[in-house]
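Engineer: Start from chain W and add chain U with the ligands according to the hints.
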Amino acid sequence: MAQKAETAATGIIPSARTPERLEISNLSKGFRRSGGDLVGAVSNIDLTVSSGEIVVLLGPSGCGKSTLLRCIAGLEEPDDGRIEIDGRVAFDSSRDFMASPDKRNVSMMFQSYALWPHMTLRENVAYPLITRGTAKVAARKKADDYLELVGLAGLGQQYPGSISGGQQQRVALARTLVSDPSVVLFDEPLSNVDAKVRVQLRRELLRIHAELGFAAIYVTHDQDEAMGIGNRIAVMREGQIVQLAPPVSVYEYPSTRYSAEFVGAANMIDATLVSSTASDVTFTSALGEITAKPETVWAGHSSVPAPGTDVVLMVRPEYCGLAEGAPADRGTANVWEADIDGSLYAGSRTEFRCTAGGISLSAWVVGSPAGLQKATRGSFSIPPSAVRAIEIGAATND
Amino acid sequence: MTDTVEKPVGVRPDEVHIRTRRYKRSRSPFGIAALILAVVVILLIVYPGGAMGARLASAFTSHSLADVFGASWFPGMIRDTVVVVGLSALIAVIIAAVLAWVNERTDARFRFSGVLPLVPLFIPTIAVGIGWVVLGDPTVGFLNGILKVILAPFHIAPTVNIYSYPGMIFLYVLCLVPYAYLPISAGFRNLDPSLEEASRTSGAGPWKALRTVSLPAIAPALVAGFVLVLIVGLSLYSIPVVIEDRPQIDIISVRIINAIRASYPPAYDVAILLSLVLLVVLVIVWLIQKRINRGGRFALSGARSAGSALTKLGAGRWVFRVIVIVYGLLSTVFPLAALIIVSFQSYWHADVFVGPWGILNYQQILFNDPIAVTAVKNSLVLGIVGGAITVLIAAILVIYARNKRDRIGRIADTVSKVPAAVPHAVLAVAFIFAFGGPPFNLGGTLLILGLAYFVTYLPYVSIAIEPSILAIHPSLEEASVMSGAGAGRTFRKIILPMAIPGVFAAWALVFVRVISDLEVSVLLGTGSTPVVGFVMLDVYDQGSVGIVATLALFMTVITAVVILIMLRLGQPRWRRSRPLKAARRTKPAR
Ligand SMILES: Nc1ncnc2c1ncn2[C@@H]1O[C@H](COP(=O)(O)OP(=O)(O)OP(=O)(O)O)[C@@H](O)[C@H]1O
Ligand SMILES: [Mg+2]
Numbered sequence: 024m025a026q027k028a029e030t031a032a033t034g035i036i037p038s039a040r041t042p043e044r045l046e047i048s049n050l051s052k053g054f055r056r057s058g059g060d061l062v063g064a065v066s067n068i069d070l071t072v073s074s075g076e077i078v079v080l081l082g083p084s085g086c087g088k089s090t091l092l093r094c095i096a097g098l099e100e101p102d103d104g105r106i107e108i109d110g111r112v113a114f115d116s117s118r119d120f121m122a123s124p125d126k127r128n129v130s131m132m133f134q135s136y137a138l139w140p141h142m143t144l145r146e147n148v149a150y151p152l153i154t155r156g157t158a159k160v161a162a163r164k165k166a167d168d169y170l171e172l173v174g175l176a177g178l179g180q181q182y183p184g185s186i187s188g189g190q191q192q193r194v195a196l197a198r199t200l201v202s203d204p205s206v207v208l209f210d211e212p213l214s215n216v217d218a219k220v221r222v223q224l225r226r227e228l229l230r231i232h233a234e235l236g237f238a239a240i241y242v243t244h245d246q247d248e249a250m251g252i253g254n255r256i257a258v259m260r261e262g263q264i265v266q267l268a269p270p271v272s273v274y275e276y277p278s279t280r281y282s283a284e285f286v287g288a289a290n291m292i293d294a295t296l297v298s299s300t301a302s303d304v305t306f307t308s309a310l311g312e313i314t315a316k317p318e319t320v321w322a323g324h325s326s327v328p329a330p331g332t333d334v335v336l337m338v339r340p341e342y343c344g345l346a347e348g349a350p351a352d353r354g355t356a357n358v359w360e361a362d363i364d365g366s367l368y369a370g371s372r373t374e375f376r377c378t379a380g381g382i383s384l385s386a387w388v389v390g391s392p393a394g395l396q397k398a399t400r401g402s403f404s405i406p407p408s409a410v411r412a413i414e415i416g417a418a419t420n421d
Numbered sequence: 112m113t114d115t116v117e118k119p120v121g122v123r124p125d126e127v128h129i130r131t132r133r134y135k136r137s138r139s140p141f142g143i144a145a146l147i148l149a150v151v152v153i154l155l156i157v158y159p160g161g162a163m164g165a166r167l168a169s170a171f172t173s174h175s176l177a178d179v180f181g182a183s184w185f186p187g188m189i190r191d192t193v194v195v196v197g198l199s200a201l202i203a204v205i206i207a208a209v210l211a212w213v214n215e216r217t218d219a220r221f222r223f224s225g226v227l228p229l230v231p232l233f234i235p236t237i238a239v240g241i242g243w244v245v246l247g248d249p250t251v252g253f254l255n256g257i258l259k260v261i262l263a264p265f266h267i268a269p270t271v272n273i274y275s276y277p278g279m280i281f282l283y284v285l286c287l288v289p290y291a292y293l294p295i296s297a298g299f300r301n302l303d304p305s306l307e308e309a310s311r312t313s314g315a316g317p318w319k320a321l322r323t324v325s326l327p328a329i330a331p332a333l334v335a336g337f338v339l340v341l342i343v344g345l346s347l348y349s350i351p352v353v354i355e356d357r358p359q360i361d362i363i364s365v366r367i368i369n370a371i372r373a374s375y376p377p378a379y380d381v382a383i384l385l386s387l388v389l390l391v392v393l394v395i396v397w398l399i400q401k402r403i404n405r406g407g408r409f410a411l412s413g414a415r416s417a418g419s420a421l422t423k424l425g426a427g428r429w430v431f432r433v434i435v436i437v438y439g440l441l442s443t444v445f446p447l448a449a450l451i452i453v454s455f456q457s458y459w460h461a462d463v464f465v466g467p468w469g470i471l472n473y474q475q476i477l478f479n480d481p482i483a484v485t486a487v488k489n490s491l492v493l494g495i496v497g498g499a500i501t502v503l504i505a506a507i508l509v510i511y512a513r514n515k516r517d518r519i520g521r522i523a524d525t526v527s528k529v530p531a532a533v534p535h536a537v538l539a540v541a542f543i544f545a546f547g548g549p550p551f552n553l554g555g556t557l558l559i560l561g562l563a564y565f566v567t568y569l570p571y572v573s574i575a576i577e578p579s580i581l582a583i584h585p586s587l588e589e590a591s592v593m594s595g596a597g598a599g600r601t602f603r604k605i606i607l608p609m610a611i612p613g614v615f616a617a618w619a620l621v622f623v624r625v626i627s628d629l630e631v632s633v634l635l636g637t638g639s640t641p642v643v644g645f646v647m648l649d650v651y652d653q654g655s656v657g658i659v660a661t662l663a664l665f666m667t668v669i670t671a672v673v674i675l676i677m678l679r680l681g682q683p684r685w686r687r688s689r690p691l692k693a694a695r696r697t698k699p700a701r
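Protein sequence lines correspond, in order, to chains W and U.
Read in order, the letters of the first sequence are residues 24 to 421 in my numbering.
Read in order, the letters of the second sequence are residues 112 to 701 in my numbering.
Extracted from the complex, chain W is given alone in its bound form:
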């Protein structure tokens, strides 16, 4: 209470609370389709989000991202599990308890802006304050502060119908943050604006987040956005979190083939472990012998498998090299002769599709190398430090 008063008085100051603002355990939610089929939209989710942290939910359409957010918000009724917000239980299936959305200190920003067309921008932003009992004058003042914060100073008297989509999105952001929520939920907030505006808004969102320090869950389809905005990324699949790690880890050390392929592009090579020493790891594959570094290839795995184990190796195409002509020396480690099947110019790079040892591979080369684009054969190379083992044991077919 005292914190609230202080915040209201001084304007925009983050309040210090316990670090864990959101704790979800074992949360499940299913839907019954109109035909009677059951869809497990969210199953057994565990997730903790701390003060000042942004967790990005990344996953294909229909994997349950929105459903998870709506369960946290209280807009959907989970079937099982427990949600705690700011140390207060918001949902607990074992106690049959569910707090209504307006009783949780959670704010949500909708994909469709959801601005109320019959209210001015200021009224829109002041609404969450007024519903919580702030006096009109103070609420208006704070609404103006927040409109200024999102770069819309002076537009308070406009109606949402008369401003641009990007501006509407800013208003929605101001309205979401104005009540100093513990947890902020973003459901694809930037997917309705064009690429330029999206980048700009993302930067501002980060600036404001640094200033206010709320805990956030941010849903997006866009992996660039996920990388850029998240402290941690939760890769989701069919209602479950398959990997939860900082962006670098998710990209560099994906824990599953699914997250490797969903985040970025990946070359996948089925291989068998030959030997693993302190300095070198050797595999055999359809390509031939592949050498890797033990500190990078086993990263994320708790133990090293026995020789003879089948693994799936992953290499990001931007780490792969492609040069004109056959390899100078056939014996060189991790260099193979490859057929160049085609190339795609993508501005900052050229993406080459190759085949070696019967495996399709791709290599991204900086710029637009004219010689390579005409060539039909070349030498394909993989730096040993770029090799990751992502599936160990019986290789699963995806």
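Accuracy of the hints is not assured; some may be wrong.
To be verified - Pairwise CB distance ranges (calculated):
(1) W/Leu-229 <-> U/Thr-323: 39 to 47 Å
(2) U/Tyr-158 <-> W/Gly-59: 30 to 38 Å
(3) U/His-584 <-> W/Asp-60: 21 to 29 Å
Derived by calculation from the structure, the hints in this document are not laboratory data.
In this text, a Cβ means the ideal position worked out from N, Cα and C, and glycines have one as well.
Structural biologist: Here is chain U with the ligands on its own, set in the frame of chain W:
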């Protein structure tokens, strides 16, 4: 081997354990209010239904059965009703289809052409009826007076006689067209234009395209229009009551009301058995409609690309414009003009251009008829206040029912639409049984009138208000809840203001219906609680057409003023967001 890899993902949906249990949560005050309202509405509809059923059982005596089904008038009444209602429903649907097609699919439409067919909904039906009596009376009708003057040089003197089968059917058609127009025009509007275009590009002319593609595709809308028109036509009372005496056309709705109103003691058994006949017919019609619609769901989707698919009619479009205009003249302009003229005539005579003129009729109503003045007051209060309450409750029920978790909300939503299928006279009779006597003893009070109006017009209001509430994107509501607002505040601050145009339109509609209601007013109104419909029929029975006409005109003017105010208030002051606005700007292509 190792457990270094995270367990493979893929709990298949069908393995997921789903509980459908409901969590305890406190209801908000709004939720409690909505629940109570829902229960009250259900009771207000179910209880009279039950009372009617109970009374029906006791009406099944051989004596009363013989009184009705064995009566000498019974076959004639059935024949007259079938001929008049059946024919006029058919004609009304055809005319409505033409008007709807012209307005929605062709370049013959013009400013206001889409509104003209709907204007009669906002004019008391009895005003149209009496206006046409004044025009079409065989001896003193204005039309006959004019025809005599025009045709005098040719030595022919045809007479128009509104008191006839054709006259009756003509008036029924005028009043029924708007009801058919609503669903049919919606059908044309929602029709995917690419269907028609596909037919045109594969070589069919505009007529062939209409016949082979558009008409079959809007068949469900045509059926819906026909059914609606049958329901309204079967319960229509204001037209036959002003016409039927002279040509002795015997209409069932008039029989039902006269059984109570014009006989002493009231012949409730007769009224109830005739109501049963009506209900049975309506149920059969409804079943047939279901059967037809089951035959196939037609492609009724897709946003219309503005103006792109309008059929070019060339010079022929003037033919259709004339049809639209003639309908406007016949249904609105002529009868109202006749009312104005006759109200200023000191006594009614056929010569339109000759006096004596005076304001005798107005003086009579305003100063010599305290009951009429009270009636106008009562009707205004019931229409405005009762109408507002009806709209509010309908809005709450629509929102409440949208929340799928609540079973009672859904039941209330369904039940509240049932009265639409019940003739108003039947509803009024049911209310007499349910609330007129002990234990409620509401007979002869304004309250029973108000309750009956509420139940009678609630379906119209919810149907009118539903689209504008359902069009509010759920995220707008959710954003309010996420902003810490309870359900009540969300309703007051978000939903109601956004639905304002729909709310006021629905209010205007229920206001007109209450003001121009006859069936309920006549059966439940009394000398001490007069309402306009009650007084108008009383005066008409006494034969003073001039005064009735003046009263009808009076009501039309008041209605028009109130409606204009309501529609004006209903204009949102805020701008719609751009895409919506662009989509609305659908000017007819030239
Ligand atoms: N109200 C509902 N009724 C039935 N099924 C639903 C409902 N809402 C969501 N689902 C189903 O639950 C699953 C998860 O949906 P959800 O909206 O959470 O996906 P999402 O990850 O947000 O997808 P997107 O990226 O497309 O927004 C989907 O299979 C969806 O069809
Ligand atoms: Mg979603």
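Engineer: If a hint holds in the structure, say so; if it does not, say that too.
Structural biologist: Against the structure, the hints:
1. W/Leu-229 <-> U/Thr-323: 39 to 47 Å: violated, 60 Å
2. U/Tyr-158 <-> W/Gly-59: 30 to 38 Å: Holds - the Cβ-Cβ distance for U/Tyr-158 and W/Gly-59, about 36 Å, lies within 30 to 38 Å.
3. U/His-584 <-> W/Asp-60: 21 to 29 Å: holds, 27 Å
This entry does not satisfy hint 1, going by the numbered hints stated previously; all others are met.
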